[in-house]
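Engineer: Here's the letter readout for the chains.
Number of protein chains: 2
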Amino acid sequence: MPDGECVAMAAMLPGLADEPLPVPDVADLDLPPSTVDVPATLSPFCSTGPEHRAGHTYGKAYRDVVRALRGDVRAAPDVVALPRTEAELVSVVDWAGSANVAVIPYGGGSSVVGGVEYRGGDHSGDHRGVLSLDLTRMDRVLEIDEVSRAARIQAGALGPVLEDQLRPHGLTLRHFPQSFEFSTLGGWLATRAGGHYATLYTHIDDLVESLRVVTPAGVSESFRLPGSGAGPSPDRLFLGSEGILGVITEAWMRVQDRPSHKASTSVSFSSFDAAVEATRAVAQSGLHPANCRLLDQGEAMFSGAGDGRNSVLVLGFESSIGPVDDRLALAVDIAGQHGGTARAGSGSGSGDAVEAWRSAFLRMPYLRDGLARMGAIVETFETATTWDRIGALITAVRTEVGAAVREICGADGVLNCRFTHVYPDGAAPYFTVIAPGRPGAELSMWDEIKAAASETLLKHRATVTHHHAVGRDHRPTYDRQRPEPFAAALRAAKNALDPNGILNPGVLI
Amino acid sequence: MPDGECVAMAAMLPGLADEPLPVPDVADLDLPPSTVDVPATLSPFCSTGPEHRAGHTYGKAYRDVVRALRGDVRAAPDVVALPRTEAELVSVVDWAGSANVAVIPYGGGSSVVGGVEYRGGDHSGDHRGVLSLDLTRMDRVLEIDEVSRAARIQAGALGPVLEDQLRPHGLTLRHFPQSFEFSTLGGWLATRAGGHYATLYTHIDDLVESLRVVTPAGVSESFRLPGSGAGPSPDRLFLGSEGILGVITEAWMRVQDRPSHKASTSVSFSSFDAAVEATRAVAQSGLHPANCRLLDQGEAMFSGAGDGRNSVLVLGFESSIGPVDDRLALAVDIAGQHGGTARAGSGSGSGDAVEAWRSAFLRMPYLRDGLARMGAIVETFETATTWDRIGALITAVRTEVGAAVREICGADGVLNCRFTHVYPDGAAPYFTVIAPGRPGAELSMWDEIKAAASETLLKHRATVTHHHAVGRDHRPTYDRQRPEPFAAALRAAKNALDPNGILNPGVLI
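Chains Z and U, in that order, give the protein sequences. Counted the way the UniProt record's numbering counts, the first sequence spans residues 1 to 509. Counted the way the UniProt record's numbering counts, the second sequence spans residues 1 to 509.
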């Protein structure tokens, strides 16, 4: 983001810096010396170059951006491996196990929860060094089954890279997380990413036919199946395992015909509570909108989809076989029964609010970095809970996190809410907090806000993450949410598959 | 089933007995003496009565029916516990762990895969005795959340029992496996049962919000969540665990408004291959029919839905918000493009073929028992595979299993196929084999047919079970299908949660 834009944006919030922090040059970084020598067999695809090491130090969390801006790369991995084949990847994992080197699987590096940053081992003592295992050279669509509409895709493919390979076949994976350009299939699978669809196929999990996973105990490959009831799902154990059980190298994914019919509109509500009721009614209607995103007043204004007085429900339908205007009309009708006013001229075209929201959605990651450069604290957290609790949860977040922000930052800042995904039994609210930071204290301020937010989620029995993953940042809350017998089972599974404890230590368990 | 009906039915198949075998009286059974004395604290809800022990010996597999007809109850449990509360259930599990008594969780006893029959421990030597843990006294809907449309239901509730409790609220779980009357929520969850919906929500898994599970290592309770991305799903580890990790005692389930609009029809095809193509096109259309069941020529005739020359695709749509005739018309149109002829007058009423199929579906379990009493071998097996493999799979089953039946039974018998559930990327074919058995040799003949069927499924990388579970009968094939690292993880999880190995030993691992 150009410096001028950072300044313009920051002008919307009082208390920020006048000029953005400069982005440091990699040559100026004070990288600690690498303590790891890889064997000659691995060196053709391993690097200890400062660009590679610095570039693989962090994900894209706010704390990562702040530390990167400060030139703090103390957590840099000792070496970055960029295998070109699964055989090379296996040789890395095997060697790391024998050498007691921690292995951090790395796709696009878009983790916002400390998922790719080594912070020490969790129980078995320190590792002798840290290797970042970058999968992006394994980015091919290896096979396409047009009959079943499925594709075998290597885990290191970034979103646009895999879509480019599917497009000539008229197919699409249609998984568009906000990080789409900078995240990989393997990362989505390992973190149970949330995607394009607001209903029904909300997570990447729902698009998986089979997985191939390299574990220190051997390669796990499930049958390609449209459905099965044979024991607990093997794939579901690896989905969300965040690299602690194995490294996903490829997957057969359900792909789709590209949609030929779309219709979308936006519906305004003067009351947020009424908008929530309308959203619930649509979610429970069985209409299955592709888009069903509720923006509260602040979020609607921030994204340019509203004027700050109304909440906005963005609705969209799509199909590859026929018009969807009827379904949109039914959804709009339901929203109208709850006091919503649809934008005039809704239908097959896209409404202004729809476009504004879409544009803001895609730009948000850049905006976040720009705001960080102006000294703002930016925290986004997302969750999910059932409809019966959602009003109380949102009120509590506004009250409790709002109070924490005032106390920590000395100003109200911004606290907006939108729903990213909805279900018949609940919704996934996503909160954005922006407030002025004190230079040098940003990280501890952010930590305090994060802690306040997590406490509120826990108190309301809302999940610590609906689609951002647990990583290292959500560990304290995750540990208190997860059933203890399941934690015991997961630890046991980890010990069986990764007996030396080298895989992404400190994450999940 | 009255004796007269058995005789009439058997007349359709040459080579069967003239008279049905009599059903033995429980007083005539030669039950082995019970070797287990439960402590006084458990005795108020435990029984060693012959009715209880004999009644909990088997599930409802063909081999179970044959052995029951022979009066063979050597596998009877030593004692049956019928706890009324979770606290009582916990006390049973705790005591069994200390006494080295195997615990077989038992719901409706409808397993068709040897899921509730003790056949010895798998590794840690024999158990001192066997306890059947019957959950049917825990059958209450404990709480209903009408806002989120969810209900907290005890695991021992049989299908009709829980639906009776939901009905006054205008709600339904709408999970109708063929065993509906004789199976419980806990059984469905532990075995990943397939239900009412032919698309989308095919398995009970999809209706689960949270689970409560008693394990020897403590009680596991997940948060009620509409969706989450916090690590691997705890619920998905217990779903399909078939009682080896813990005993599911209750669950928050997603329930629904009762449908107010339905439309269904049947479409005939002279070519089975064309019917498969039509079914695939409907499955990939995004129309999400509630019913989309393809019957091959033989299955259509057998159920009274066809004349034996045509395959029949039964289509149904339903909604609680508005008419579904348009969606039915679109699906019929797609089927027509593949050569299908819709029954005249299709629409909101139900067609004759639809009713005939539904009636046959509900009566099949009785039919099976009746045929067994006439000396027939009856084997049903079901699977799932992707569309690209489905034609070859069905051909192979007809050829290879057909040949095995001829060799083993000396007659062609019946070998029919229907699809129970369909997906955008594949389908779940269900096969019925009926052939004349030789008195006294039925079980070994059935074993041989089962082995031939399993071998064909394995060769085509089709799942050993789409919704009947693994139990003990599918173990040999399951062991060869499951990724070995996942097996290692599951064994480790089992050891962590059930260190004494008392829970349903011999199942899954």
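Read the hints as simulated data drawn from the structure, not as lab findings. Here the structure is a predicted model, which means the values were calculated and not measured. Be aware that a few hints might be false.
[Said to hold, decoys possible] Some chain Z residues flagged as far from chain U (calculated, every beta-carbon gap over 12 Å):
id : residue
1  : A11
2  : T48
3  : G55
4  : G71
5  : D145
6  : R192
7  : F223
8  : L225
9  : P226
10 : P232
11 : R254
12 : S271
13 : I321
14 : P365
15 : K494
[Claimed, not checked] Output of the computed footprint for chain U on chain Z, the stretches with three or more beta carbons under 8 Å from beta carbons of chain U:
id : segment
16 : 14-27
17 : 212-218
18 : 466-473
[Unchecked claim] One side only, chain U facing chain Z, incomplete, derived with CB under 8 Å:
id : residue
19 : Q284
20 : Q297
21 : G298
22 : M301
Glycine is no exception: its CB is placed at the ideal position from the N, C-alpha and C atoms.
Engineer: Give a verdict on every hint.
Structural biologist: Okay, the hints, checked on the actual structure:
1. No beta-carbon of chain U is positioned within 12 Å of the beta-carbon of A11 of chain Z; the least distance is around 35 Å.
2. Here T48 of chain Z stays apart from chain U, with its beta-carbon at least about 31 Å from theirs, past the 12 Å limit.
3. With a least CB separation of 26 Å from chain U, G55 of chain Z remains clear of the 12 Å interface cut-off, as annotated.
4. Chain U leaves G71 of chain Z outside its interface by the beta-carbon criterion, the shortest separation being 32 Å against a cut-off of 12 Å.
5. For D145 of chain Z, the condition that its CB be more than 12 Å from all CB atoms of chain U is violated, with the nearest at approximately 5 Å.
6. For R192 of chain Z, the shortest C-beta to C-beta distance to chain U comes to about 4 Å, within the 12 Å cut-off, and the non-interface label is violated.
7. At the 12 Å boundary, the C-beta of F223 of chain Z falls inside the reach of chain U, the nearest C-beta of that chain being 5 Å off.
8. At roughly 5 Å, the least C-beta separation between L225 of chain Z and chain U is not larger than 12 Å, which violates its mark as non-interface.
9. Not every CB of chain U lies more than 12 Å from the CB of P226 of chain Z, the least distance being 3 Å, so the non-interface label is violated.
10. Interface exclusion of P232 of chain Z from chain U breaks down, the closest Cβ pair being 4 Å apart, not more than 12 Å.
11. The Cβ of R254 of chain Z does not lie farther than 12 Å from every Cβ of chain U; its closest approach is about 5 Å, which violates its non-interface assignment.
12. The beta carbon of S271 of chain Z sits about 17 Å from the closest Cβ of chain U, which is more than 12 Å, so the claim that it is off the interface holds.
13. Distance check on I321 of chain Z: its Cβ comes as close as 5 Å (rounded) to a Cβ of chain U, failing to clear the 12 Å threshold; non-interface status is violated.
14. Every beta carbon of chain U lies more than 12 Å from that of P365 of chain Z, the smallest distance being close to 18 Å; the non-interface claim holds.
15. Non-interface call for K494 of chain Z relative to chain U: violated, since the shortest CB-CB distance, roughly 8 Å, does not exceed 12 Å.
16. Only residues whose C-beta sits within less than 8 Å of a C-beta in chain U count toward coverage, and the segment 14-27 of chain Z has 0 of them, not enough to reach three; the restraint is violated.
17. Judged by the Cβ-Cβ criterion of 8 Å, the segment 212-218 of chain Z is covered by chain U as claimed, because 4 of its residues qualify and three suffice.
18. Against chain U, the segment 466-473 of chain Z contributes 5 residues with a C-beta closer than 8 Å to a partner C-beta. That satisfies the three-residue criterion, and the hint holds.
19. Because the closest C-beta pair between Q284 of chain U and chain Z is about 6 Å apart, less than 8 Å, the hint holds.
20. At a threshold of 8 Å, the smallest CB-CB gap from Q297 of chain U to chain Z is about 23 Å, leaving the interface hint violated.
21. With a cut of 8 Å, the hint placing G298 of chain U at the interface with chain Z is violated, because the nearest CB-to-CB distance is about 24 Å.
22. The beta carbon of M301 of chain U comes no nearer than 27 Å to any beta carbon in chain Z, farther than 8 Å, and the hint placing it at the interface is violated.
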